[in-house]
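Protein sequence lines, in the order shown, are assigned to chains A and B. Just so you know, we're using this note's numbering here: the first sequence kicks off at 1 and counts up by one. Just so you know, we're using this note's numbering here: the second sequence kicks off at 316 and counts up by one.
Any given hint might turn out to be false.
Restraint-style ranges between C-beta atoms, simulated for each label pair [stated by the list, open to error]: (1) B:V558 / A:E27: 37 to 43 Å; (2) A:R10 / B:L425: 50 to 56 Å; (3) B:E581 / A:T252: 55 to 61 Å; (4) A:G250 / B:S427: 20 to 26 Å; (5) A:R35 / B:T423: 37 to 43 Å; (6) A:D193 / B:V558: 44 to 50 Å; (7) B:D393 / A:T186: 46 to 52 Å; (8) B:G420 / A:L258: 43 to 49 Å; (9) A:A310 / B:E581: 50 to 56 Å; (10) B:E507 / A:R289: 33 to 39 Å; (11) B:E326 / A:G145: 28 to 34 Å; (12) A:G100 / B:S555: 41 to 47 Å; (13) A:E210 / B:S427: 26 to 32 Å.
Quick look at which bits of chain A chain B covers, simulated, 3 or more residues with Cβ under 8 Å [to be verified]: (14) 148-159; (15) 184-192; (16) 243-252; (17) 295-306.
Treat the hints as calculated values from the structure; they're not laboratory data. Computed from a predicted model, the values in this text were never measured in an experiment. Just so you know, even glycine gets a beta-carbon here, dropped at the ideal spot from N, CA and C.
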Amino acid sequence: MAQTAAIGDRDAYFLERLDRGDRIEAEDWMPEDYRQQLVRLIAMHAVSEIMGALPEKEWVPRAPTLYRKLAITAKVQDEVGHGQLLIRVAEDLMRPWGKGREDIMADLFSGRLKYHNVFHMATPTWADAGIIGWLVDGAAVITQGMSLSCSYAPYARALGRIVEEEGFHIQHGESICMALAEGTPTQRTMLQDALTRWWPALLMFFGPPEKSQLSTHQLRNMRYRIRSKTNEELRQRFFTKYVRRIWSLGLTIPDATLAQDGVTKVWTYQQPDWDEFRQIVMNHGPRSRARLDLRATTYQEGTWVRRMIAHHSPA
Amino acid sequence: MARTERRSIQEIKDVPDLRVATQAVLFQLADDDMVIGFRDQEWLGLAPHIEEDVAFGSIAQEEIGHAAHYYELLSQLDLGSRDDLASLRPAEERRNSVLLERPNGLGTYLESPHFDWAFTIMRHYFHDVWEMRCLGALTQSAAIELGLAADKILAEKRYHRAHQELWIKTMLDRGDEQSQERVKKALADTNEWAADLPDFGGQECLFEETRIVPGASTLSTSFWQEIDAFTGALGLPRPSGTVTRLNGRRGQHTPALQEALEVWSEVYRLEPGAQW
Ligand SMILES: [Fe+2]
Ligand SMILES: [Fe+2]
């Protein structure tokens, strides 16, 4: 039995379970390294959902019509809901360390825990809210779709629900973009400007392309069946899924070199500035500090509220 | 048995008294929900607890959803499209209570928000109680569509009121001395601005005679009774008397409404008449 076996055997047995396609549950034994990789991934995903609510939130009270006001409120609420769902998954994994939600938030505010590059960017117009809903969520679904087969069952289950909702978000964003694309010259310009602004960030979303070898994190996560595709494979999927659709709206993608090879189906494209990417995720993006301050201030001012519930939760 | 004749909006359109009364009560309800829904939206992503972000997201949607429904009925009275009614009417034409336009606190949702959770909950509780009083009366309205709307919306309002009541109790029972002080201050602040909330801007008689809002003149009293019974049971006495200031039901407002209006209509006003 695994319990009585030596540590080395326990690890080997664990990997064998993964190879058989077994899913791991929160209460199952797992190597510390696996737990760390999961926490790193899931906590980052959780805070990205929480911080990800803020760029669009800037447009929630300003959404143009009653219909759009309702739709974008629901959309942003879903994102916070995703954060809530994921933070619970991460909390369960952190429990053996005596850590929880407050630690995740503290790490976010101190800069120790990073959030996705896209949510550091400015959203100066209503069209930015449309582009986020359509293409950022579109990119997210491609990444998260891969993780549906993640070996850690609670994360896979949470993602099942999240990906389903993201489908509605993409429709919501696409609908905003279509209205603008078919609208007045001002509306079309607004949309084109937003796409031009967001394009490099969208490419960056998937992370730098792998050179000849994968990073240690990636290799481990693949071995642990936490992820199954490379950054570049995911980015290529994004191109295949969205580039023609973007063109069909009469929009120009700010990359004249973007093209798909007729035979290999591989897209060539101009690389975004990966140094800039590293700066952005280190919280040196255009809106990194402002959004962190916004969230940190209100979170800190709400401490007295959380304290009342924490001390008396039925658990 | 004599029963009030009930009429549809289409019929009401051509009966001056009924039309005036229906319009007036709808503008109050719609404008109240629009502005409180906006205040709720401002909290989204900034609530003290992630669970409350989700809860406020729902409440905001429902408030704006109700406003949309009321504006839709107004548009059936040929007063313009529901979006024009929601976003293009100037502040002095709006009939929301001044209490509901009060900011959530200092700063804005975009910059340095120092929002007041206790005030947000208390103010919302007052709004929920008042709207439920109105809707309760409207279930018997001579206007068919108002009765139908009231039945449907009351169900959601019950949940809102329960949410605020639970928070008020939580802050009192589970909070320390400081949170109890916050609740007391929230009640005082809310009360100070609440004079025009349970008010129909002098149209009670018309509302009753037309039976558009049966029992309109009794609603203010029953509103205060409910508030006092709830706060009294919690040992939270309401400061005596409200300070009569502006009356939103007569189109008098603070600059906060104008500021909010500029935000929520900013995009819509960019291209009037465009599809969004
Ligand atoms: Fe999400
Ligand atoms: Fe989403």
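Right, here's what the structure says about each hint:
At about 58 Å, the beta-carbon gap between B:V558 and A:E27 misses the expected band of 37 to 43 Å. Look at A:R10 against B:L425: about 52 Å separates their beta carbons, and that is inside 50 to 56 Å. Separated by about 27 Å at the C-beta atoms, B:E581 and A:T252 break the suggested range of 55 to 61 Å. A beta carbon spacing of about 40 Å between A:G250 and B:S427 contradicts the range 20 to 26 Å that was offered as a hint.
One distance hint, 37 to 43 Å for the beta-carbon pair A:R35 and B:T423, holds here, with the actual separation near 41 Å. Checked against the hint of 44 to 50 Å, the pair A:D193 and B:V558 passes, with Cβ atoms roughly 48 Å apart. Distance hint for B:D393 and A:T186: a CB-CB separation of about 30 Å, inconsistent with the stated range 46 to 52 Å. Checked against the hint of 43 to 49 Å, the pair B:G420 and A:L258 passes, with Cβ atoms roughly 47 Å apart.
At about 38 Å, the beta-carbon gap between A:A310 and B:E581 misses the expected band of 50 to 56 Å. As the Cβ distance of B:E507 to A:R289 is approximately 37 Å, the hint placing it in 33 to 39 Å holds. For B:E326 paired with A:G145, a C-beta distance near 54 Å fails the hint of 28 to 34 Å. Taken as a hint, the range 41 to 47 Å holds for the pair A:G100 and B:S555, whose Cβ atoms sit roughly 45 Å apart.
Between A:E210 and B:S427 the beta carbon distance is about 42 Å. The supplied range of 26 to 32 Å is therefore violated. A stretch counts as covered by a chain when three or more of its residues have a beta carbon under 8 Å from one of that chain; for the segment 148-159 of chain A and chain B the count is 0, and the coverage is violated. Check on the segment 184-192 of chain A: 3 of its residues sit with their Cβ under 8 Å from a Cβ of chain B, so the three-residue criterion for coverage holds. Note: the segment 243-252 of chain A has 0 residues with beta-carbon separation from chain B under 8 Å; the three-residue rule is not met and the coverage is violated.
Residue count for the segment 295-306 of chain A with a Cβ under 8 Å from a Cβ of chain B: 10. That meets the three needed, and the coverage hint holds.
Hint check: violations occur at hints 1, 3, 4, 7, 9, 11, 13, 14, 16; the rest are consistent with the structure.
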